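Modelling step: build the complete structure from the supplied sequences, incorporating the hints.
Each chain is listed here by its residues.
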Amino acid sequence: DAGVIQSPRHEVTEMGQEVTLRCKPISGHNSLFWYRQTMMRGLELLIYFNNNVPIDDSGMPEDRFSAKMPNASFSTLKIQPSEPRDSAVYFCASSPRGLYGYTFGSGTRLTVV
Amino acid sequence: SQQGEEDPQALSIQEGENATMNCSYKTSINNLQWYRQNSGRGLVHLILIRSNEREKHSGRLRVTLDTSKKSSSLLITASRAADTASYFCATLIDYKLSFGAGTTVTVRA
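From first to last, the protein sequence lines stand for chains A and B.
Residue numbers for the first sequence follow the numbering used here, so the first one is 1 and each next one is one higher.
Residue numbers for the second sequence follow the numbering used here, so the first one is 1 and each next one is one higher.
Keep in mind the hints are simulated off the structure, nothing from the lab.
Treat the hints with caution; some may be incorrect.
[What the hints assert, rightly or not] In the BS3-like style, the derived pairs of lysine-lysine whose C-alpha atoms are separated by at most 27 angstroms in a straight line are:
{"#": "1", "chain 1": "A", "residue 1": "Lys78", "chain 2": "A", "residue 2": "Lys68"}
{"#": "2", "chain 1": "A", "residue 1": "Lys24", "chain 2": "A", "residue 2": "Lys78"}
{"#": "3", "chain 1": "A", "residue 1": "Lys78", "chain 2": "B", "residue 2": "Lys96"}
{"#": "4", "chain 1": "B", "residue 1": "Lys96", "chain 2": "B", "residue 2": "Lys26"}
{"#": "5", "chain 1": "A", "residue 1": "Lys68", "chain 2": "B", "residue 2": "Lys96"}
{"#": "6", "chain 1": "B", "residue 1": "Lys56", "chain 2": "B", "residue 2": "Lys70"}
{"#": "7", "chain 1": "B", "residue 1": "Lys56", "chain 2": "B", "residue 2": "Lys26"}
{"#": "8", "chain 1": "B", "residue 1": "Lys69", "chain 2": "B", "residue 2": "Lys96"}
{"#": "9", "chain 1": "B", "residue 1": "Lys96", "chain 2": "A", "residue 2": "Lys24"}
[Unchecked claim] The following label-pair restraints were derived from C-beta to C-beta distances:
{"#": "10", "chain 1": "A", "residue 1": "Gly3", "chain 2": "B", "residue 2": "Thr20", "range": "23 to 33 angstroms"}
{"#": "11", "chain 1": "A", "residue 1": "Pro84", "chain 2": "B", "residue 2": "Asn38", "range": "22 to 32 angstroms"}
{"#": "12", "chain 1": "A", "residue 1": "Arg97", "chain 2": "B", "residue 2": "Gln9", "range": "29 to 39 angstroms"}
{"#": "13", "chain 1": "A", "residue 1": "Lys78", "chain 2": "B", "residue 2": "Ala109", "range": "39 to 49 angstroms"}
{"#": "14", "chain 1": "A", "residue 1": "Arg97", "chain 2": "B", "residue 2": "Arg41", "range": "38 to 48 angstroms"}
{"#": "15", "chain 1": "B", "residue 1": "Glu17", "chain 2": "A", "residue 2": "Thr76", "range": "27 to 37 angstroms"}
{"#": "16", "chain 1": "A", "residue 1": "Gln17", "chain 2": "B", "residue 2": "Lys56", "range": "38 to 48 angstroms"}
{"#": "17", "chain 1": "A", "residue 1": "Thr76", "chain 2": "B", "residue 2": "Ile93", "range": "40 to 50 angstroms"}
{"#": "18", "chain 1": "A", "residue 1": "Arg97", "chain 2": "B", "residue 2": "Arg60", "range": "39 to 49 angstroms"}
{"#": "19", "chain 1": "B", "residue 1": "Ser12", "chain 2": "A", "residue 2": "Met15", "range": "32 to 42 angstroms"}
{"#": "20", "chain 1": "A", "residue 1": "Pro81", "chain 2": "B", "residue 2": "Arg60", "range": "40 to 50 angstroms"}
{"#": "21", "chain 1": "A", "residue 1": "Ile5", "chain 2": "B", "residue 2": "Asp7", "range": "26 to 36 angstroms"}
{"#": "22", "chain 1": "A", "residue 1": "Gln17", "chain 2": "B", "residue 2": "Arg50", "range": "37 to 47 angstroms"}
{"#": "23", "chain 1": "A", "residue 1": "Glu14", "chain 2": "B", "residue 2": "Thr67", "range": "48 to 58 angstroms"}
Since the structure is predicted, the reported quantities are computational estimates derived from the model, not experimental observations.
Ideal placement from N, C-alpha and C gives every residue a C-beta, glycine not left out.
Okay, here's the thing in structure tokens:
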């Protein structure tokens with residue numbers, strides 16, 4: 001298995017632009033998570049999907065952030081419009097069931113200028 | 001918000017020495033997990049200890065859990081240069097995995 005696959009690895013965009021981050025979880029994992037990592041705030045859970053359904057989006061910072069999981073093998077995190085304070089590394093993780101260890105992707109390093 | 005707090009924040013040791021880091025948390029948990037993150041990379045799951053377990057081993061890793069003190073420790077024995085990384089404890093409550101700020105470990109050759 002190739003693990004959790006995220007794209008792009010790096011994204012540089014101008015303030016105000018729309019940004020879409022993509023994630024392919026491990027096949028058979030029914031839980032998917034989006035995290036954001038910054039030096040100031042550490043790792044923050046943004047949203048959790050179970051069986052493609054958003055269960056908890058309380059970590060999504062603002063309405064500018066949205067996430068979808070149209071099927072078991074694909075999820076997106078969209079920021080529209082982007083702001084410099086959104087600059088961070090965004091990780092996607094999946095798990096076979098919620099009580100097990102997570103497998104993380106390599107992350108997308110987002111820079112908003 | 002961060003549920004776990006690691007101690008120390010940073011640790012520098014000589015190759016071959018043992019590295020110990022601690023994690024304290026605030027509320028009851030389903031399990032506690034430790035992850036490693038190499039610079040610029042994603043997190044790698046190391047070991048999971050359930051709330052009814054007290055100690056677990058995996059290779060050179062030893063994890064303890066004291067639910068009465070709400071604390072855990074991770075011991076890496078016979079450290080190698082390749083162990084240089086940040087180590088995070090994470091507590092699972094229901095489905096939510098919350099991470100601490102991490103301990104940065106540097107192993108000097």
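Here is what the structure says about each hint:
For the given pair, Lys78(A) sits about 8 angstroms from Lys68(A) by alpha-carbon distance, which is consistent with the 27 angstroms threshold. Between the alpha carbons of Lys24(A) and Lys78(A) the distance comes to roughly 15 angstroms, so the proposed pair stays at or under 27 angstroms and holds. Between Lys78(A) and Lys96(B) the CA atoms are separated by roughly 21 angstroms; this keeps the pair inside 27 angstroms, and the hint holds. Annotation: proposed proximity of Lys96(B) to Lys26(B) holds, straight-line Cα distance about 14 angstroms (limit 27 angstroms).
Only pairs whose Cα atoms come within 27 angstroms are accepted, and Lys68(A) paired with Lys96(B) is accepted, the gap being roughly 18 angstroms. Taken as a hint, the Lys56(B) and Lys70(B) pair is honoured in the structure, with Cα atoms around 16 angstroms apart against an allowance of 27 angstroms. Straight-line distance between C-alpha atoms of Lys56(B) and Lys26(B) comes to about 21 angstroms, which keeps the hinted pair within the 27 angstroms bound. Restraint check for Lys69(B) and Lys96(B): satisfied, since their Cα atoms lie roughly 21 angstroms apart, inside the 27 angstroms limit.
A hinted pair counts as satisfied when its Cα atoms are at most 27 angstroms apart, and Lys96(B) with Lys24(A) qualifies at roughly 20 angstroms. Distance hint check: the CB atoms of Gly3(A) and Thr20(B) are about 30 angstroms apart, consistent with the given range 23 to 33 angstroms. The hint said 22 to 32 angstroms for the Cβ distance between Pro84(A) and Asn38(B), and at roughly 27 angstroms that hint holds. Checked against the hint of 29 to 39 angstroms, the pair Arg97(A) and Gln9(B) passes, with Cβ atoms roughly 33 angstroms apart.
For the hinted restraint 39 to 49 angstroms between Lys78(A) and Ala109(B), the CB-CB distance of approximately 44 angstroms keeps it satisfied. Between Arg97(A) and Arg41(B), the C-beta spacing of about 25 angstroms breaks the proposed range 38 to 48 angstroms. The hinted range of 27 to 37 angstroms is not satisfied by Glu17(B) and Thr76(A), whose Cβ atoms lie roughly 45 angstroms apart. At roughly 46 angstroms, the beta-carbon separation of Gln17(A) and Lys56(B) lies within the given 38 to 48 angstroms, and the hint holds.
As the Cβ distance of Thr76(A) to Ile93(B) is approximately 27 angstroms, the hint placing it in 40 to 50 angstroms is violated. For the pair Arg97(A) and Arg60(B), the supplied restraint of 39 to 49 angstroms is violated, since their beta-carbon distance comes to about 28 angstroms. At roughly 39 angstroms, the beta carbons of Ser12(B) and Met15(A) sit within the given window of 32 to 42 angstroms. Evaluation of the 40 to 50 angstroms hint for Pro81(A) and Arg60(B) yields a pass: the beta carbon distance comes to about 47 angstroms.
Taking the beta carbon of each, Ile5(A) and Asp7(B) are about 34 angstroms apart, inside 26 to 36 angstroms as hinted. At roughly 45 angstroms, the beta carbons of Gln17(A) and Arg50(B) sit within the given window of 37 to 47 angstroms. Distance hint check for Glu14(A) and Thr67(B): the Cβ-Cβ separation is about 49 angstroms, which falls inside the suggested range of 48 to 58 angstroms.
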